[in-house]
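Engineer: Just so you know, the protein sequences line up as chains G and E, in that order. Be aware that the first sequence starts at 1, since it is given in our numbering, and climbs by one per residue. Be aware that the second sequence starts at 1, since it is given in our numbering, and climbs by one per residue.
Don't read these hints as lab results, they were simulated from the structure. None of the values given here were measured: they were computed from a predicted structure. Positions of the beta carbon are idealized from the N, C-alpha and C atoms, including for glycine. Just so you know, not all the hints are guaranteed correct.
Quick partial rundown of chain E residues pointing at chain G, CB under 8 Å, derived from the structure [said to hold, decoys possible]:
(1) Arg75
(2) Ser79
(3) Tyr190
(4) Ser192
(5) Lys194
(6) Lys200
(7) Ile253
(8) Tyr256
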Amino acid sequence: MTNAREVERQLPSQEARDLLALTSDIASRELAPRAAAAEERREFPRDLFGLLGQAGLLGLPYPEEYGGGGQPYEVYLQVVEELSRAWLTVGLGTSVHCLSCHGLATFGSDEQRERWLPDLVGGDLLGAYCLSEPHSGSDAAALRTRAERTADGYRLSGTKAWVTHGGVADFYLVLARTGEDGPKGISAFLVDGGTPGLSGASPERKMGLRSSVTSQVVLDGVEVPVERRLGAEGDGFRVAMAALDAGRLGIAAGAVGVAQAALDVAVEYAGQRTAFGRPIGEFQGVSFLIADAAAGIEAARQLYLAAARRKDGGLPYGRQAAMAKLVATDTCMRVTTDMVQVLGGAGYVEDYPVERYMREAKVLQIVEGTNQIQRMVIARSLIQR
Amino acid sequence: METMNIVVLIKQVPDTWSERKLTDTDHTLDRDAADAVIDEINERAVEEALLLKEAHGGKVTVVSMGPDRATDAIRKALSMGADEAVHISDAALHGSDTIQTAKVLASAIRTIEGVDLVVAGNEATDGRAGAIPAMLAELLGLPQLTHARRVEVEGTEVRVERETEDGITHLAAELPAVVSVGEKINEPRYPSFKGIMAAKKKPVTTLGLGDLGIDPSEVGLAAAFTSVVESAPKPPRGAGERVEDQGDGGVRIVEYLAAQKLV
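Construct the entire structure; sequences and hints are all you get.
Structural biologist: In structure tokens:
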């Protein structure tokens, strides 16, 4: 194992530089050495989330007064990038966990936040986010899971789909219908993983990102007290979409990490592998692939950082987040495909990680809003003005 | 003993993963040529000190001699959980040898009151002299328990399992004492982000030679007892030895490894 080359970053503070150094240290010593074998065996690395939690990396963007790191998105996302560069399952898992805390942190009452947020962001627990259903992915507002009023709360029934950490999470942000059809009849709930009636189905058998558990989550008459509803009845879609805006930046950062990892491998290979008596990196056909990859990665990185700085500055950033997710994940797909090409036959076999990166890239064009949905978000925000 | 006052020595060294070289002019370490990190063995020394503190209560003070950028290594130790630091930084120290370094470190440690235990790594990855802990103990007039793979403190006694090529020795001494630790002592913890934030507020005392009452002419390259007259880069790796397997390949591999003392 060699230490990954350091990415040249502009960070706002000494503590952020130390945080990134800590992240790289954990990524290269604990994540990278295990990634390939665990992905092959579909092993979910719950212990590594424990390690990240102890190090304080699972609550970075949330306020210090609730046990978070109080870090701007600009910094938190670069941590996600660096983790994803070593192992996407862990980087993406970190992003999904933070997405799951977003509803409580942003829409919870002071009382709700004081009571539960320290546990959520404190590092011991892992979260999941339940919006999609078997029949509704992109058309999220068509969800059918029902939350019926009971004497002291709600009873949730339905099936959620494509849930990262489904069945292994400690808490779930669940969107369910409390009223009319469409977005205005949806409410958001924070549900404990151990609540009777909540269960995860068998994990999906995915093309990549195999160590990350993705499954349906079945809600069979799950009783949720009224104080675990986030926001008012009917606010749920807003809670879900706000979380997704932030979550998309996490996906963009993860995509940059995977693309960077593929480039790292290709650069080293192109310097060592010889053909016609010269390192293949000296041939323009190879070097231009590498140059284009590096330029694309840096552009994608700066795009997600620009969106993050808008968010940190309190400006609207939904369109920019959609752009960053679109550009970063499309770049990741192109770069990983090209880096397989740089390695040639060696790139197509499992002895090198680039074929795995290529399989992982694909899912990033699909999750947290397909790239078609991102284009829709961008275009609507422009045309409906 | 109620609580322990522990000093840990740390050194910033060039990352062993990067290319390390000496400067052409005076054959001292080219510190700008490589990434600088806290020496791995020092992370273990810090860990051991923190474990002792957690078991017995007390305080851990980091002592480091090095240029300005050694503050990065000091901050790492503080973010792991050390309480405060003393940084000896003076341009006149450039090129100091082990004896001079030990004298400076001893003077710095004397500025800290009531030290019970000094913990060091047994050898740094750059100079590899492995002499500082012993010299320091001599200068401070303290017992030295070096190459520890296990350290225990009970009452006012420190007990150490010392491991070298010659085998394992059990040592014990009255505190205060100097202990140096080897690779097998422990697995150092990662700092936490809270530790990183807390480190910013921990006191770091910077001392120059004047503060320690040391005359600059006694230290540094010009006054060093040792000098490097010549240095050359390691020759590139050879093609290696090729062995044709004529039915005895396995035996010959084992013979080779045995000759290298690897098995």
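Engineer: Run every hint past the structure and note whether it holds.
Structural biologist: Verification of the supplied hints:
At a threshold of 8 Å, the smallest CB-CB gap from Arg75(E) to chain G is about 7 Å, leaving the interface hint in force. Below 8 Å, beta-carbon pairs count as interface contacts, and Ser79(E) has one with chain G at about 7 Å; its hint therefore holds. At a threshold of 8 Å, the smallest CB-CB gap from Tyr190(E) to chain G is about 5 Å, leaving the interface hint in force. The beta carbon of Ser192(E) comes within 5 Å of a beta carbon in chain G, closer than 8 Å, and the hint placing it at the interface holds.
At about 5 Å, the closest approach between the beta carbon of Lys194(E) and any beta carbon in chain G falls short of 8 Å, and the interface hint on this residue holds. Satisfaction of the interface hint for Lys200(E) is found here, the shortest Cβ-Cβ separation to chain G being roughly 7 Å, below the 8 Å cut-off. A least Cβ separation of about 23 Å between Ile253(E) and chain G goes past the 8 Å threshold, and the interface hint is therefore violated. Given hint, Tyr256(E) at the interface with chain G, is violated; its Cβ is 24 Å from that chain's nearest Cβ, farther than 8 Å.
This entry does not satisfy hints 7 and 8, going by the numbered hints stated previously.
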